[in-house]
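**Q** Order-wise, the sequence lines are chains Z and Y. Plus 12 on top of the position in the first sequence (first one is 1) and you've got the working numbering. Plus 173 on top of the position in the second sequence (first one is 1) and you've got the working numbering.
Source of the hints: derived by calculation from the structure; they are not laboratory data. The C-beta atom is built at its ideal place from N, Cα and C for all residues, glycine as well. Treat the hints with caution; some may be incorrect.
To be verified - Here are a few chain Z residues that sit away from chain Y, every Cβ distance over 12 Å (derived from the structure):
1. K14
2. D20
3. K22
4. V24
5. Q29
6. E38
7. V39
8. Q41
9. N44
10. A50
11. E53
12. A57
13. Q59
14. K77
15. R78
16. T83
Claimed, not checked - DMTMM-like mimics (lysine to aspartate or glutamate), calculated; alpha carbons at most 20 Å apart, straight line:
17. K86/Z - E104/Z
18. K327/Y - E360/Y
19. K357/Y - E302/Y
20. K22/Z - E46/Z
21. K213/Y - E226/Y
22. K347/Y - E100/Z
23. K327/Y - D242/Y
24. K124/Z - E335/Y
25. K347/Y - E104/Z
26. K124/Z - E38/Z
27. K116/Z - D20/Z
28. K14/Z - E47/Z
29. K259/Y - E302/Y
30. K357/Y - E100/Z
31. K116/Z - E350/Y
32. K359/Y - E335/Y
33. K124/Z - D254/Y
34. K22/Z - E33/Z
35. K347/Y - D107/Z
36. K259/Y - E125/Z
37. K357/Y - E335/Y
38. K77/Z - D107/Z
39. K77/Z - E100/Z
40. K116/Z - E335/Y
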Amino acid sequence: MKALVVDDSKMVRTVQQRALESMGWEVVQASNGEEGLAALERLGACQLVLADWQMPVMDGLAMVKRIRADTRFKDVVIIMISSNAVLESIQEALDAGANDFVMKPFSVEALKERVSGVVPHA
Amino acid sequence: MPEPTQSWNALRSFMATTCGVALADDQSYLMEARLSPVAKTLNYRTVDEYVLEAVRPGAPNRVTAPLIDAMTTHETYWFRDTPFWKALQEQVIPRLGLTEPGSNRAFTIWLAACSTGQEVYSLTMFLEENFPLLHQRTTIIATDVSEAAVQQAKAGVYTVFEANRGLSAPRLVKHFERAGANFKVKEHLRRKVTFVTHNLVTQAPPGVGFDLVLMRNVLIYFPEPTRRAVVQRAMGVMKPNGLLGIGATELLTLPSLSPGWYPRSP
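Let's have the full structure, built from the sequences with the hints guiding it.
**A** Here it is in structure tokens:
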């Protein structure tokens, strides 16, 4: 099972990578939306994307929309992760095609629970 | 000045007799960790002094209640334990005979050890999503030994940290409204639940004729005789075809419908 972690903070990417690896995921990192899309192309099979919202070059919402517009990635599960924790923004992310939304700050335990919630067999 | 061992022993015996909570030999750190903020707030010089005062027979509730609040565990999150919810949907509710077309019987639930409310609100969300007609006829009594937990549950307000624990974003936007930087359960769901401070060990059940009694992840804190007595009392206030739901790992020596679900014993 491969996962892509997209965040402009190296520290956040590391925390997410460790959490996913402890659940048995193989993890690839990218630091903005554009890099994320390129990584997705390279990976071929990828089951999960954790996407930050605010990032330079291409933000997470734009990246989610681009992923959802590409039928090759229709089964990829996307969890948006952002400190923009207002209900309207969460709805916007869901409308763009995110499957779930984790609010920052989050605990590693919470992240793992939510990943299990959207990818039950991981 | 009181000896730490004296207060620790007094606390253990108080927690065992009043709350049915058995503290282990190596858990004395819990006394210091959980009660020193309380002792400080209530202006006691030391934790030991506070404990001895709070567990004294006849001590006022304003002194004792914060001790119970701090010492009872509040580990809780949304939609905890997926198989529980699956069994509720596929086996338990169909068995109660409340969902047949034309049925207008009330659905009555007692949820004990509700802590800060995540489980009981998960239940109302679950019913609204999966059994909307039954949800309209549902009433729930939710109880907890901790007054502070009951107050928080009643308010239905959760921080980002709390909301992150197992609550999916689609459910968050559907069932909550904004409350400053926090999230508040919508009023029509809060209205379904009556919250009461209640001690499972020392008090009679808060009603009779329940279709379901849920007491998940609380029996594990009780010694065996207390556990048996609590279960027996709960069975006694269930309808003849009622069911008891407990944590899947809290095994009872009774025939079960599926892990953690027990029909009322004859």
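**Q** Any of the earlier hints contradicted here, and which numbers?
**A** Going through the list in order, the structure violates no hint and respects every one.
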